[in-house]
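Once you have looked at the hints, place chains B and C on chain A.
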Amino acid sequence: MAKVTVDGRTVEVPAGTLVTDAARAAEVHVPIFCSHQKLPPLGACRICVVEVGTPKLGPDRQPVIGADGTPEIAWMPKVQTGCTTTVSDGMHVRTVSETAVKARKGVMEFLLVNHPLDCPVCDEGGECQLQDLAFAFGHDFSRMDEAKRTFDSEDLGPIVKKEANRCIVCMRCVRYCDEVMGENALTAHQRGVYTEISSFDRQPLACEQCGNCIEVCPVGALTALPYRFKARPWDLRQHITICEWCPNGCSVRLGVRGMEILRARGTEFRGVNQEYLCARGRFGHEFVNAPDRLTAPLVRTGAALQPATHDEAVAYASARLRDIAATHGPEAIAFLGGEKLNIEEQYLLQKLARAVIGTPHVDARTRPAAAVAGDALLRATGGGRPALSFEALTDAQEVLVLFEDLQGEAPFAQANIVRGFRQRDLHVTVAHSRRVKLARPRFKGDWLGLKPGTELALTLGLTRAALELGVPDGMPAEAAKALSASVAAFTPEKTEAETGVASAAITAAARRMREASRKALLFGRGVLEHAAAPVLLQAIENLAWSVGAITAETSSVMAFGPHHDSAGALEMGLTPDHLPGFVAAGDPAARAAYEKVWGRALPGEGSSARAALAAAAEGKVRALWIFSDELLSSAPDRALVERALEKCELVIINEMFLTRTAARAHVVFPVAAFAEKEGSTVNSERRLQKSNRALSPRRGARADWEVLQSVAQALGADWRYRSAEDVFREIARVVPGFRGLSYASLLPQGVQLSGPALAPRLQPVAPVAPAASAAGEGLWLLSGGTLFADGSLSARSNTLAKLAGSARVHVSPAEASRLGVGAGDMVELAGPAGSARFAVEVDDSVPAGAVFVPSAGSELNRLGAPSLAGLRVQARKAGAAATVGA
Amino acid sequence: MSRGPFLFSDIDKPGLAALDVYAQGGGYETVKATLGKVPADQVIEVVKASGLRGRGGAGFPTGLKWSFVPKASPKARYIVCNADESEPGTFKDRELMEKNPHLLIEGMILAGYAIGSNLGYIYLRGEFEYIQRILDRAIAEARAAGFLGDSVMGTGYKFQVHTHLGAGAYICGEETALLSSLEGFRGQPRLKPPFPAVEGLYACPTVVNNTETLMAVPAILKNGAAWYRQWGTEKSAGTKVLSVSGQVKRPGNYEVPLGYSMKQLIEVECGGMKDGLRVKAVIPGGSSVPLLPAADLDTGLDYESMNAKGTFLGSGGVIVIDNQTCIVDALWNITRFYEHESCGKCTPCREGTYWMSEVLERLENGHGKPEDIDLLADVADNILGKSFCALGDAAAMPVQGALKHFREEFEHHVTHKTCLANRRRAEVAGVGA
Amino acid sequence: MSHGTVMPVEGPATLAWSEKAKAEVAEALARYPVKRSAVMPVLWIAQREWGWLPPAALRLVSESVGLPESEVFGIATFYSMFNLKPVGRHHLQVCMTLSCSIMGADRLFRHLEKKLGVGHLETTPDGRYTLRKVECLAACGMAPCMQVGFDYHENLDEAKVDALLEKLK
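Chains as they are written, first to last, in numbering that gives the first Met the number 0: chain A, 0 to 885; chain B, 0 to 432; chain C, 0 to 168.
Just chain A, same shape as in the assembly (with noise of 0.2 Å):
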């Protein structure tokens, strides 16, 4: 520690402090320009500049004590930059003496030495550094008489709009974009006052767009072209929310004006993410104001929809409702979907299908192609130990990534783990078929490029080479022997043979995880959408226990999604097997407490997702309540939720918008957007934090929570809840994990659920035998999200749509010389279930024998199931005779 005076004021700080942030602590202002909390000191823009002495040192190295009693100090000739400089034990600093204030006030003069007078014109008015700090520190005229230099004003592409006159060339977009972003699509070009801040060559910026640069820019250089000449800071209230658009848990901060969120931005020591948003958190929020949101509910009559009332399509669904229940039972209803709810909404779902109609189908996970336990995440992830944060993400020394593209699934965690690299020593392995971002050159990082569809193979290969490097640390020794004796078939060799991974590469990817002390184990949809999700969910328990990424005390393993409040689903109960809290269904000694409060008794086990369907598609399962889910989009057997949608005699969809799904409902409750409405959500760190409303829901859309406790009034339940938080006190009564908590503890910053460390299950597995469709011809086909397009609502917000295009077929140059095809050349695909057209991209990232069609807007479960993995499909290019497979 160290004592530090500044202005007379003395504080204890770390040793290692910069004077900055001790003169933060000590309640004393210092501006800064180029200084970041997430980049390395820089000293360029020097408005920091302040005096700073030590105390002087006698011949017996003690502090000389002068008249008045204090130790005499030895102030530095030159003023300091605050920024770089680290404190000492009884460094006094002054930043209001004439001398601090003299240099500070020269070097604010500077700064507006060719700074345009362009305030009444530039988006940064009101909230602009260089306006605050020329108002509290410079001068209230100008000396300046000369020309100013000036540039052109350019459009950096579709989203920056750079005005570089305006620019102070303190760098930050620039370092923003290589440290965090590890894009480098900014450079500083020429040099002195001609400096100027643009893309090669002046290209349009060929990057993640996500307007990081901008929100850095302390400055009107950099604005944001969706927002330009839009509203005044001082127009618009701002709330800061939960960002709805992956499992990161990002605060974005709404900018809205009356009825209309104009823009969106991150917010400097909030949330898990401060300043950082990506493009979807940042422009995906103009699905919110889309005119096309449903205003009014719909109930069928006859062949067509028609606007309702609230009180009409409650009365409506209830009584159908009851119908069947007492028909058929309870157990011919459905509650599918959710996971985009927040949890007081998945609570409440889960209590009126189980609690009030009495029925155990119960399932948010719409996507996955096989059945996967309640719990089964919770234990590959080390469940109850305490989770990985992101900030032991960026610090981590070993990252592995198995099968997920970060860019497109969890675009934050992705920018830790560069920031990580760039900044300290965090290597990373990304285990991917496709060679996406995090596994390219530029990352120095290891790429396994494992053959698709032997993702078990891989990780039992793994598991077993982390094995061989003695028993880890917590894994009971009986296991570990059953688990090396089930592994032991996969050698490196073995494994280089089915994945065409170098045994070199996976001994040495298991090693660096087993040796480093600070690690991460990843993983999301490409697992948990698997064909053979179960299995592989085991075997990831399994090798993260190998490598050390789960010991007796600690997790090292973060999941994702798919969606934002996935984890919470899992929280809540939304899974067929599992109560709020991870209680079993299907224990009744487990479900004894849940039914002392709710006052009823429940059912155990009900069926998955799939199992529903099936079951509604055969009309023993004769209602379906279908929650913010397009599901005909996007479950992986397309032909089946057709039939159960056309078999069901009733359907209820609570969804914003008027989707496909929608369109075959019988009652659609339109419900408010993440924005519109007050709740708490899980992300992938498990931790639990408040989302809070911005603005009022579009006329006639209510909380999904507020439709379910209408439908369960109108059925007899005695709900009373008056706002989310009242469910949320109700959760944090019954639910274990919960216990304690309240809304004033989720401030600042959330909390990290974890709960009594789960015992290692540690089951062998058995590879699985390739599935039908796998085996034989046909180029697989890839997919997975991507950072512009993510479901209909991206197709919703214009500035994603525009980024994104139309979803396209990615193919290896060598593919597409195969095909005969070029860069926009139609290429049809067709796998078992049928066929679907798209335009080509040649992307260099694809490996032979596969093709990449993003998940969002291209309805691949129009050619058969499962989507996501271990589907393989035959293509030509669109017109021609001849079809190229395997």
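Just so you know, these hints were derived from the structure itself, not from any lab. Just so you know, not all the hints are guaranteed correct.
[Stated by the list, open to error] Within a straight-line C-alpha distance of at most 35 Å, the following computed DSBU-like cross-link-like pairs (lysine-lysine) qualify:
#1 K403(B) <-> K104(A)
#2 K12(B) <-> K166(C)
#3 K47(B) <-> K55(A)
#4 K98(B) <-> K132(C)
#5 K147(A) <-> K403(B)
#6 K191(B) <-> K234(B)
#7 K273(B) <-> K166(C)
#8 K19(C) <-> K132(C)
#9 K77(A) <-> K403(B)
#10 K21(C) <-> K98(B)
#11 K308(B) <-> K101(A)
#12 K273(B) <-> K34(C)
#13 K19(C) <-> K157(B)
#14 K113(C) <-> K248(B)
#15 K70(B) <-> K34(C)
#16 K77(A) <-> K234(B)
#17 K147(A) <-> K114(C)
#18 K2(A) <-> K74(B)
#19 K273(B) <-> K113(C)
#20 K34(C) <-> K31(B)
#21 K37(A) <-> K166(C)
#22 K113(C) <-> K147(A)
#23 K19(C) <-> K166(C)
#24 K443(A) <-> K21(C)
#25 K166(C) <-> K248(B)
#26 K74(B) <-> K34(C)
#27 K98(B) <-> K248(B)
#28 K104(A) <-> K191(B)
#29 K113(C) <-> K368(B)
#30 K55(A) <-> K234(B)
#31 K98(B) <-> K159(C)
#32 K34(C) <-> K450(A)
#33 K132(C) <-> K248(B)
#34 K166(C) <-> K36(B)
#35 K234(B) <-> K31(B)
[Claimed, not checked] Distance ranges between label pairs, derived from CB positions:
#36 A425(B) <-> E267(A): 54 to 62 Å
#37 E157(C) <-> T85(A): 58 to 66 Å
#38 A503(A) <-> G148(C): 44 to 52 Å
#39 G148(C) <-> K12(B): 25 to 33 Å
#40 G223(B) <-> K114(C): 51 to 59 Å
These figures come from a predicted structure and were not determined experimentally. Glycine residues also receive a C-beta, built at the ideal position from the N, C-alpha and C atoms.
Below, chains B and C without anything else, positioned relative to chain A:
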């Protein structure tokens, strides 16, 4: 007639750039006598005792700089020659390298040995491409003769040196900017601390020395510290090569013992002024240092005497400003130089050099206002000590010096909208007339 | 001049190293323990090949050295001797800094402007000469000085410059 007592004693010897001629004169003997025979620590002590100071401009004691390299560091060490010579008025390193490249190589081997380096670089300004060829040829000769390579002279000590060509950026003469450039970045300076001796090239201990400094090392090691101290003063030991330019009869490079009178140099060695011109002012150490009025001509060419007169010996680029040259015009010229060469990293230098150039342009062209003079002084004061590196100071100090000694010329420009005297303007106007 | 925007000049769509250049690039890379240090020598090799550095050359350099294109662009534009625009066969770089100015560089430059009919940074229509003002060339004692390509020409006056231009085809 020899042009100097030490480095220039044989500088004009025909063929000196070739290894056989160089060796004939005793070249590389000090390498033979030192590597593996004299401990590296002792080498550093001799150089310390000699009082040799950096000849590029900063004048930092060389032996002391070498001693900052941590002995126990397991990292590779690097010796880098700063041959970026871009300080206006300075052209000594150019002549030294052109004519005696082997002396630089020998100096680098010995400096490398002293700090435990096996790899050195000579960073040449881009315009010195022909010097790069001369040096590369000499390096190839030295390597063939065993003076460079995996085992220098069979001693087992490995040393190799490469040339690296800059591309036109004065700022790359600043040692951390030089290292940035050598590492493959834009040539912008870096934070100190850490100092290059601890964390320099590739974050490894690195010593950056000027050409002339390194070329003094072999003779110092051969003859001893006391020998070097036969010249110069107590605080400024040895000799320095001064580059004299301006309207003197014999401009050029001259090596003198430190402390030699600048008046002598100009009037005797350089033969005094041409064409009936008189000295109005002299910039003693390259354009970055404040000028001295003619009254101070008789100042000793050493570090402390120059400091006492409010200026610096700097690079030793002696620019003679004659009485037909306008001080305001000259200052404008220098300030434009710093504006062009500013790297742009820090606000005061980037914006301040632009601003001062604009004000000086108006003053020179007859559009000056009375408040411009104090404005210039204040802008310079706001740069001095506030910029990221010494280039800002280098831009500010000439302004302060000119205003201190020749304020009347500025006032004349404001009042009369014209120069007191300006041959340059007249000549330009006369072209094609 | 205070308008700072420099618009890119396109040049050929793609470029490839000659065998000789490829060998030089490999040699350059071998001289440094860290690859990116070779970016300046490799930029010089490219400039020697094509006379200037079109975007295609910068892409080639970025591939050879393993740096993002944007960084190579930023590096190339930082240094005044890298030509981001085509130059004439003879690049006439006249030093204008103080010592040369005192010795008559301004007059010399004006003479060249009048003689060639082009100004600073401009190329004669026949592509023979590009005229440019540069900063101190370290020839202060032999002023005025002009560098043609890499060649130094010192102690110049109008007559000598005229004679020199004659010889430069």
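Do the hints match the structure? See the list:
1. K403(B) <-> K104(A): Since the Cα atoms of K403(B) and K104(A) sit roughly 24 Å apart, the hinted pair holds (cutoff 35 Å).
2. K12(B) <-> K166(C): Holds - the C-alpha atoms of K166(C) and K12(B) are around 31 Å apart, at most 35 Å.
3. K47(B) <-> K55(A): holds, 28 Å
4. K98(B) <-> K132(C): Holds - the C-alpha atoms of K132(C) and K98(B) are around 28 Å apart, at most 35 Å.
5. K147(A) <-> K403(B): Within the cut-off at roughly 28 Å; holds.
6. K191(B) <-> K234(B): Roughly 26 Å between the alpha carbons, so the hint for K191(B) and K234(B) holds.
7. K273(B) <-> K166(C): holds, 31 Å
8. K19(C) <-> K132(C): holds, 33 Å
9. K77(A) <-> K403(B): holds, 22 Å
10. K21(C) <-> K98(B): holds, 32 Å
11. K308(B) <-> K101(A): Holds. K308(B) to K101(A) sits at ~27 Å (cutoff 35 Å).
12. K273(B) <-> K34(C): violated, 52 Å
13. K19(C) <-> K157(B): Holds: K19(C) and K157(B) sit about 30 Å apart, inside 35 Å.
14. K113(C) <-> K248(B): holds, 30 Å
15. K70(B) <-> K34(C): holds, 27 Å
16. K77(A) <-> K234(B): holds, 25 Å
17. K147(A) <-> K114(C): Holds, at roughly 33 Å.
18. K2(A) <-> K74(B): Since the Cα atoms of K2(A) and K74(B) sit roughly 34 Å apart, the hinted pair holds (cutoff 35 Å).
19. K273(B) <-> K113(C): Measuring from Cα to Cα gives roughly 28 Å; hence the hint holds.
20. K34(C) <-> K31(B): Satisfied, since the Cα-Cα distance of roughly 33 Å is no more than 35 Å.
21. K37(A) <-> K166(C): violated, 58 Å
22. K113(C) <-> K147(A): holds, 30 Å
23. K19(C) <-> K166(C): Roughly 29 Å separates the two Cα atoms, so the pair holds.
24. K443(A) <-> K21(C): This hinted pair holds, its Cα atoms lying about 24 Å apart.
25. K166(C) <-> K248(B): Given that 35 Å is the threshold and the Cα spacing comes to 30 Å, the pair holds.
26. K74(B) <-> K34(C): holds, 18 Å
27. K98(B) <-> K248(B): It holds: about 23 Å lies between the C-alpha atoms, which stays within 35 Å.
28. K104(A) <-> K191(B): Holds, at roughly 24 Å.
29. K113(C) <-> K368(B): Holds. K113(C) to K368(B) sits at ~33 Å (cutoff 35 Å).
30. K55(A) <-> K234(B): holds, 27 Å
31. K98(B) <-> K159(C): Satisfied, since the Cα-Cα distance of roughly 25 Å is no more than 35 Å.
32. K34(C) <-> K450(A): Distance of about 32 Å is within 35 Å: holds.
33. K132(C) <-> K248(B): holds, 26 Å
34. K166(C) <-> K36(B): violated, 55 Å
35. K234(B) <-> K31(B): The given pair, whose Cα atoms are some 31 Å apart, holds under the 35 Å limit.
36. A425(B) <-> E267(A): 54 to 62 Å: For E267(A) against A425(B), whose Cβ atoms are near 60 Å apart, the range 54 to 62 Å holds.
37. E157(C) <-> T85(A): 58 to 66 Å: Since the Cβ atoms of E157(C) and T85(A) sit about 59 Å apart, the hinted range of 58 to 66 Å holds.
38. A503(A) <-> G148(C): 44 to 52 Å: holds, 51 Å
39. G148(C) <-> K12(B): 25 to 33 Å: Taking Cβ atoms as reference, G148(C) and K12(B) lie about 29 Å apart, which means the hint holds.
40. G223(B) <-> K114(C): 51 to 59 Å: holds, 58 Å
In the structure shown, a violation is registered for the earlier hints numbered 12, 21, 34, in ascending order.
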